Structures are given as C-alpha cells and as structure tokens.
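Undergrad: As a plain string of letters, each chain reads:
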Amino acid sequence: MNIVVPVKLVPDLVEELTIDASGAALDTMWLRLIINEFDDHATEQAILLKERSGGQVTIITPNAEGVDDMLFAASARGADRLIKLVGDFENGVNNHALARTLATTIKDLQPDLVLTGVQAHNDLDGSLGPLLAEYLGMPYTGYVSGVIVNGDKAIVRKEFPGGLIAELELKLPAVLGIQAAEQPPRYVAISKVRQAMKTATLEEMDAPGLNPDGGPTIGRMFQPEAAEKAEMISGNADVVADRLIGIFKELGVL
Amino acid sequence: MIERINFWEIPEIWHYFAYVVLPLCGLVMLGRFYGRIRLWWQVGRPERRWDKPLVRLWRLIKFGIVQVKVLSKTYPGLVHVAIAWGFFVFFFGTALATIDADFIKFLRGPIYLIFKLMLDTLTIAALAGIILAAYRRFIQKPSRLTLDRGFTLSLTLVFVIVFTGLLTESLRLAAIAQEPTLQPGWSAALAWWTPAGWVTAQLWLALKLTPAVINSIHLWIWVTHATLVGVLFIALPTTTLVHMFTALMNVFFSKLDRPVGQLAPIAENEKKEPVYVSTLRDLTWKQLLDGDTCTECGRCQEACPAYAAGTSLNPKQLILSIRDALHRDGPTLAKGNGKSLPLVGETIKDGVLWSCTTCGACVRECPVLIEHVDAIVDMRRHLVIEGRVDDILQGALANLGRYGNSFGQSERMRARWTQPIQPKIKDARREPVEYLWFVGDYASYSATLSDVTQKTADVFQKASLDFGILYDGERNAGNDVRRVGEEGLFEMLAEKNMAALDKCTYKTIVTTDPHSYNTLKNEYPANNGHAVLHYSELLDQMITSGKLKFTKKLSYKVTYHDPCYLGRYNGVYDAPRRVIEATGCTLIEMPRCRDKAFCCGAGGGRIWMEEAEVKERPSETRIHEAIKLDGVQAFVVACPKDVTMYRDAVKTTGNEERIVVKDLIELVHEALG
Amino acid sequence: MNQDIFVIIEHLRGQVADISYVMLAAAHELAQNTGGKVEAVLLGQNVQGLAGNLAADQVLSVEHPALADFTSDAYIKAVAGLTVEHQPRAVLFGHTSVGMDVASGLSAHLGLPLVGSVRYFESGGKFVSQICGGKIMAEGELPAPTALITLVPGGYKPEQGQSAQPPQVTQVAAPALDGLRVTLKQYIEPEAGDVDIAKEPLLIAVGRGIQTQDNISLADDLAQALGGVVCASRPVVDQGWLPTSRLVGKSGKAVKPKVYLAIGISGAPEHAEAITGSNVIVAINTDAAAPIFNIAKYGTITDLFDLVPVLTDKVREAKGG
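Chains as they are written, first to last, in my numbering: chain A, 1 to 254; chain B, 1 to 673; chain C, 1 to 321.
Bear in mind the hints are in silico, worked out from the structure with no lab data behind them.
These numbers come from a predicted model, not from an experiment.
Each computed DSS-like pair below joins lysine-lysine, with the alpha-carbon atoms no more than 25 Å apart:
(1) C/K199 with A/K249
(2) C/K126 with A/K229
(3) A/K171 with C/K185
(4) A/K229 with C/K256
(5) A/K198 with B/K271
(6) B/K496 with A/K198
(7) A/K249 with C/K297
(8) B/K349 with A/K192
(9) C/K314 with B/K651
(10) A/K192 with B/K496
(11) C/K319 with A/K249
(12) C/K297 with A/K229
(13) A/K229 with C/K157
(14) B/K651 with C/K319
(15) A/K229 with C/K258
(16) A/K153 with C/K185
Given the sequences, and given the hints that come with them, work out the whole structure.
TA: Written as structure tokens, this is what we have:
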C-alpha cells in the first residue's frame, strides 16, 4: 500500500505570538515552527498501517525553517520517502494554494491513501484534507481516529461531538483527515534522528505557481482584547481561596 | 622438639587419596568452574577490565580479603568474615603443611605451635560463625536473604568439614595424651596451643576409649573429612560457595575507568554500530560476571527506595535474572546456534527498569561491587531507542529536545525569575564573571521554586560575589536525561551547553542542582579545567573566608537530607553540614544519613514518569523518618527537586504543622538578616 | 446572486446541535449588513420536525435517503446543488467534525472562497476568525461572490438563534446523489457514563496542568467538598485517567453548568467551544496568557497545587460552619 502524508509546520504556541508591522500577519521574526500536531498523528497512523500490512509511507511537506529536522524525525519513525516541496513558501501559503500544488505532486505518486491532519490551528481557509480530496478527485472523511484497510476499501472511525463514533467505508484511493492515531505518536530517540540525517535522502520537488484563490484576505490581525479577559484574582493560595469561596457563595453553589 | 607429623597414624593407602584423589577433585573443580565462567566471554561482549593491576589488587585485598563492605553491617559482617577467614586460613594452612611435608621441614617447635594455634582459633571462629549464620538464616530470617536449600546445603557441608577437622585433631590429641610417645616432644603444657582440640579431646578421654578404638575412629573421621573436602571441590562451582571465586574476580575487575558519577557512553560493536542491551549477548562479560557473583545477601534490596515503595524493581532480583538467564540460555548461545532470547521485556520487564531512581544505594551497599545502575541504564537505552517510554516521560523528552527544558516552556522564559532582581544579574555570555551560575531547569522554571532561586541570587549579591548566568543560553544539563537512557538527547544538550559555556569567560561553575552538578563535573567533556561547585560548597568557602557574615543566629533544630547526586555520587557530605551549623542551627541526623541517605524518589528521570502503584512514596517514607527525630522543626535540603518532592510529601503525609522543608539557602538568607 | 445567508443546520440522531443556533445568530448579524434573509438548510431524511425553534426566515428542507446519515460525499453534493441554484451571499457551517468535512470540499468543488474559524461578524460585515489556539484574531472583508464560512462557538449565545415561532419550511428537491464513495457501516455508541456531565450544575474540570493521575484526587476532593462532578479535557482522558464519559470538548460533551471550575486547562478552542454554555467559568492556570482567561469570568495564576488543597479545606470549613 502506498500512503502519502502531507505535513505542514505551524507556529509553536509555546512562544509568544506577535503581529508584524503590516498588522495583518504574524511576525515571522519571533516565530518558531513545529509540526502540526494532527499531522504528527497522521504520520503515526500511516506508519502503523505500514507496520500492519506493509507498504510505503511518503512524507511530503512545503519547505520551511526546521522542515528538514521534521522530515528526518519522520524517517527515523519509519517513513520511507521524504519529499520537500520547494517554491515561494517564504511568507506562508494558504491551504488552497498548498492543496493545489500538493495535488499535482501527489497525483504522480499514485497513492492508495492520503492521510492528513484533520486541521491545523492556523487554518484560515478551511482544512487541507477536503481541499486536497476534491483536487485529487478522491473521497474524504475527517475526524478519523482509526483506519483499517480491506482490499480496495478503507473502514474508518469518525468521531462526532458527544463521543458518538461512525464507522464509515470509503473507496480507495481516499483522503482521510486524522484526529488521532490509534496510538499516540511514538517517541523517536535523538540518536535515531541523527542516524537518519546521515542515511536518509530528502527529495526536492518544485512547486511552481502557487495560487491562493479561495482563501480570504486578512486586513488586520490582533490579539484578543483585554475587555474579554477574566477578572484576575492575585495573591497567595489563601487569599485566592477566600475570594473563590466568596464567588461560590455569590453564585449559590456553596 | 615438637614437630608436625604428616599423615599422623593414617595408613599409607590413604595417602594416595590425599595426593591423587583430592588433586583430581581439585582439577574437576577447576574444569567445572571454567565451564561456568567460559559463558561470560562466549556470550558476553568484550570489555577492557585488565588495566591498572596494582589498583585492582588493592581493591581485591580491601573488598575481597579484608571485606570492608561486608563488615559495614556488624552481625552478618563478622559472621561472614569469621567463616571466610576460616577458609583462607585452612587453605593457607594446608599449603604450609604441604610445603612442610614435601619440600622444607619447618613446622617444628614454636612455629609449629603458632601454626596450630592459628588453625585452632579459626576453627572456633568458623564454627561460631556457622552457628550464628544458621541462627540468622533459620531463626531470624531477615527478609532480604534468599532462604533456599542451596544455602542450607553449603552451610551444612562447611560445618561438617570444619567440625570433622576439629574431631580429627581432638582424637589425635586424645591418643597422644594417652600415649605421648606417638608425638615426640609432646607435653601436656603444649596442649593449650590447640585449645579447641584439647577441650574436645577431654571428651574422648572421659569416655575412656582404648587407643585402638581412638585410632580407628580417628582414621574414619579423617577419611570422612577428606572425602567431604573432595565432594566440596567437585560441587563448589555449582553451589552458592562459588562466590568465593566470583566475588574475588568481580572485585578485581570492578570499574576503574571513570568516577562513580559518570556513565559510559553507548558501546559499539565491531561494525561501529551502537549496542543497545536487549539480550544476554548485548551485556558485557563483566555484567554477566555481576550476575554470577551475586551472593543474594539482599543489602541492595534493603537500601533500594523503589523496592521499599513497593514497585516491581528489586535490584537483587534484577541481577539474579541476569544470572538465571545466563544459565538457562547461555550454553546454547555459547555454541553459537541459539537465538538470543529477549532479556529486556521478557526476563526483565520494562516497568522494573523504569522504577529505578539511579540513587546508587544498591551499588554503594553491594559488598562484591556489582554495578546495578550501569546495567539498568544500558537496558533503558534499549527501551528508549525502541520508543518504549511512558507518555509523561515522552512528553518531557520531547520538550527537552525542543525547548531544552522538561517544562515545555520557551527558553526565553528561562530567566523570568530574575525580573524583580536589582541590580540585574550579569549575562555571562556578554561580560566576564568569576562564577558562572548554572541555574538548572527546576530552579528556573518551577513557579514554586522561584522564591528559593531569587533568595540564592540575593545571597550571592549580598556576599558581593562576581557571578552571572547564561540566561536563555542554558539548557537542561542532561544528567537525568542520560540516566533515562536517552543518550542522543544528552549529547545534544551537552553540546549546546558546552557551546554556550565556551563563549563565556569565567573561573568556576556553581549550581544549586546536584544533578546538574554531577553531570557538569563528571560527564561534560573538556571542562577546560573549570571547577564545578555545588552552592553548599561555595557557601562553605565564603563562610570560611569571611566573605559571608551572618548577623543573625538561628536557633532551629534541623535535619539534613543528603541528595544522592551530591552525597553518594560526589562525596559532598560535610560542606552543607558546616553551612547549617554556621547559621546557628542544631543539626540532628536522621538514622539514614550521608552515604546511607534514602533517596527522595525523583532521580534518574523518575520525576518525569508516571507514578506506579506504590505502598508509600520514598519522599513520604523519608519525612516519616525525619518526624521521628526529637523536636526537629525543619527538613533542610540542598536540591531544587527535593524542595518540590518534600514539600509535597509533608502535605500528603499531613505533617504541615510539624515540620517545614527549607532549602539550605533559606537558612543562609535568614541568617544574613 | 442574492444577499441571503444560508446556515447548514447540524444535527445528529434527531437532535439539533447547539452550534446550529449559534450559526443562526451569526447569520442574523450578517444578514443585517447584506440586507438578505436567513435561510436554514436542513439536510436529512424525515427531519422537518427539527425545524421547530430555528430562528430563520425560511427553512429549506432537503430530504433524501442518502442524507439520512452524515457523509461528506452526499452533503457536499447536496449543498453544492443548493448553492449553485440560490447563489447566497454566504453559507455557514459549524467548525465541527460535520461542517469542516463539507465546507473545504465544497470550496474546492465550486471554486468558492472559504473563511475558517470565524468567531463573530463585525457590524460592518467583516469576519473575525480565531486562530492559533485562540491567541490570535484575524479580521477581513467577507469574500465574494459566495463566502463559505466555518463558525466556531463563543461569539454568540445559542439562545440568540432560537425562536418560539416555527419558521416556514420549504421542501426542496434533492439533487442526484449517486456515485457516492462514502457509506455508513454502523454507529458505535460512546461508553455509558456514570454521570451525565452535560446535566451537572457544578463541574470541576482538570486539564494537562494536573500532571499526573494521582493529582486527580485533588480535584476529586474539591468536587466532593463542593458537591460537584469532576470532568476533564482531552489530554487527561487520552491518558486514561478519567473515562471518556467525563470528556468535555469537541469529541466529548458540551456542558452548561452554573459554575465551571477549570483547573490547569489552557482552553484550546476544542475545549473552549464546549464550555461556552457555562454560566460562569472560573479558571486556575499558571500561564497568564492561557486562552481560558479569555472566556472565564474569574481567573487566577496561582499554582493549582498550592491553591486547590487550601480551597478544599476552606470549602469544608464553610460547609461545616
């Protein structure tokens, strides 16, 4: 089975985010990028499927700072092919543009299954998976937390709000938006990543003509205003606890 | 003049037994022993342990002959030394007797008498030792001992051999007492040079046996004695007594190449590939020897915090698992046609390995210098490379890899605790400092510790210490990362720290964290001759030199907890104690202090792991230990993690009214007024 | 092209999801700017009964056996048919496991622009999206001709999208729904829970900040003292420290207690959206920048390990005294 996993890096929320001078984008100076956690799950799910029933896992990702490390970590985990798309990604691209260019490349790879993260926290124009599915002409299901491949069909578990799970059947090839891999992404020892750096090859492919049509234009970005902030109670545990007791009494739960 | 008579009254036919059969038995013993030890190098990996023979010989004498570690526990220690020295002396005595009989006659007159006295004394000592050992084994039954048949058999065999020896001697004396011509030069006055033999001889004399009967009993007891010695020879390599060889070897081959606080890097095979220990074949011959050496005394078990807490780890059992696996699978593996069965995960479960706090108490206690912690870390390295780590640990390691701290916070937040401090602490990367303060993760990031960290800075400033920190250039030092078994991550962290340190001009590194202290001091390559000090050592120096002057005399009664990586691993016991006393506090020691200190349970990366089901957390056990001391008000620690661990333990044991946990710096800060 | 706002009503097994009402409220705000009507689109089989309290000018009901259960394939085709035919100014979807499957696919399918994670519309008709775990807001003009929107909860209250007056329901013929590539095999029910956290008036919620399974007992003690129930965010349930029945969030339950005490919860959108129905949220989190403080009424950055035990003691005192 041929599995392709498109992965993207997103701003690490551990770092403080700041808006750039234009006022309409994040300041990339201070940005640190990290793998989209759902893509991390998609990668794990792909490797689990490969371990279960054989096949090849290809990771494909647009070029960005730190992307090589991410690819080598995927290789250390068990990915077979690492593809870096090279193009005008410097100022970031929206998912429409990314999906179009990924679709061109992925078509040639002739995958049986494309696994993506169900969403990313900086998606402003919808999630990547369904866009990709349409451009590839494949069926899509998102919020998937379990996959079984059975001949030319995939049986997937899709999560609904409230905990209900639907078991759906998709004709392959298909695109799946992964919410959670069947087991949490495994730990990859640093020495394995370092080993992969020595042995794995990164293939570079051109991603010409990025077309962002279909995404919104952002006029302004801002951090949520203080007005929406909670009333903060400060002091030591004793003081805070007393105030909370007061609040509980006011609200009639005590 | 009195002299030793060889084969006194023993018919010649039996001389052949002694000169032919017994040496044959000895050869059988050597052969069987070789068969056993051959497995070590046929199955185990090579490791160089032959260097510095004189140092090794000294260790052999200290730990193998004088047995200083065995003696650290009085009752079992004396018992063991009595029996062991009995063996040494009988062996030595037999050698002398052989020289006397067949080469140079010298056992005569006073020399002979001293020779007899020596043997006789050790006979009494050995018999007393065996009886006390039996009392301990069958009546006291301490839980750390393995109480199985093998040990009973050995003890019985040894007893009968020594006892028949005594009987032989006494029968000889009885016969001579009746007929002094049998031993030229004999007089009753000389009898007391063999007191045990002579007292026992009175028994035979009281029975009024005829010389012929005595002679015949003497012969048959002698034959029994000699036969049992033969039996002992043949059986020895497969009895518990084999430790008299293996222990000596283990002590001789114990590690010399590095300080106790330094782990070896991951070994490589002939193809230069890293070796992760998952099967018997991955262990070194010395680690297999460790297994064969274990005497099952259980001192490690008794000292182990993980065992006391009720986790699945029992250090004794762990080492015995290696031994048992070796004897189960080793012979097939040695033939080269067996597959290497998984040791880790099957014989030794993952949970066992993860329970270890690497506190080193087992290693410290082991009388035969078994290296438990090194083996555990070797096997953990395999688990890490396989990704078999629990979720919390995985999160911590991922954070350490990404942000350089286990808290998963940005490195820019590392020095946030310095914000209220005036004047601003020097950035050691920008200006030269005398002391470079390596702050460490917990002291930097833990919200509950910022107060202690700020007080440390305040004390340094009040003492006009020229110091600086690395700000966001610091990473976790990696001590516990390494002990978790994530060697690659340790190397990465160390490289980053070294790069940051290389840019700084400083004389000495100081840290409050014993874990950072250990790795910076013992494991960072080429520290360029910079000294590494624990803050307790620096404070001690400043007090002695008068740089730090207290204005207030504190009057607390306190106890002090030795951090494992400061005390056991680096021998810093006195500096913190002197600092405590300089503040005016009265120090009352817990029963387990200094090298016997009981671990808080957080070391070796345990602080990042899921807590297993436990009877009682080690930190709680420790608080109970401190509470029992009369009138102790404060539990003084010298490690940031200890502050966290013990403040929790004081709460969970409900002792908030009775004792407070104080960092050493809090005492100093208070005494500065 | 017209100025109407379409709302794709989200429902599951005979129940309209709260997000649908939130969308209707948002649609009204938007419609005021565009001058169009709010039209609720009800896809399914035998679902007219769900139209009852939808605050819409009209309900377009599309009935088809293939729409009886949700699949992205059938939904995309059905909504595409309606959109092409009516050309509304905007189509609103929930930013949920239902809406997100459809909206992006539709955008590519029809070549229409899409705005994700919209939290509210400004009076001038601009959208404001919430991204980066709630730490950043992005504002822009509503794209033309038809803007596809996925809406996160929090900007409007569900009650604003409810109406006592039943709306007018118009049956619309379904487009041809053949060649479907996704089919439902079965539903797997969530584990039966011990208590229904959706109905509890006082919830003590624990998140990643609780650190270990043992520490859950801190929350248990407090809940017992206060007479509340313990629930959790995803990381805690993923660890197996609490059963799935206690999960609050996107794939767990949405809750609406009188008081929601969030302990060590950062307030990622997946969790935040499920608790906006709470009367009052009180948050304890050492990270002052945690988004939970944007939706909480009261907050404190005091360490939970210091605060919670003290609080529990004081609650016991207050109850005892």
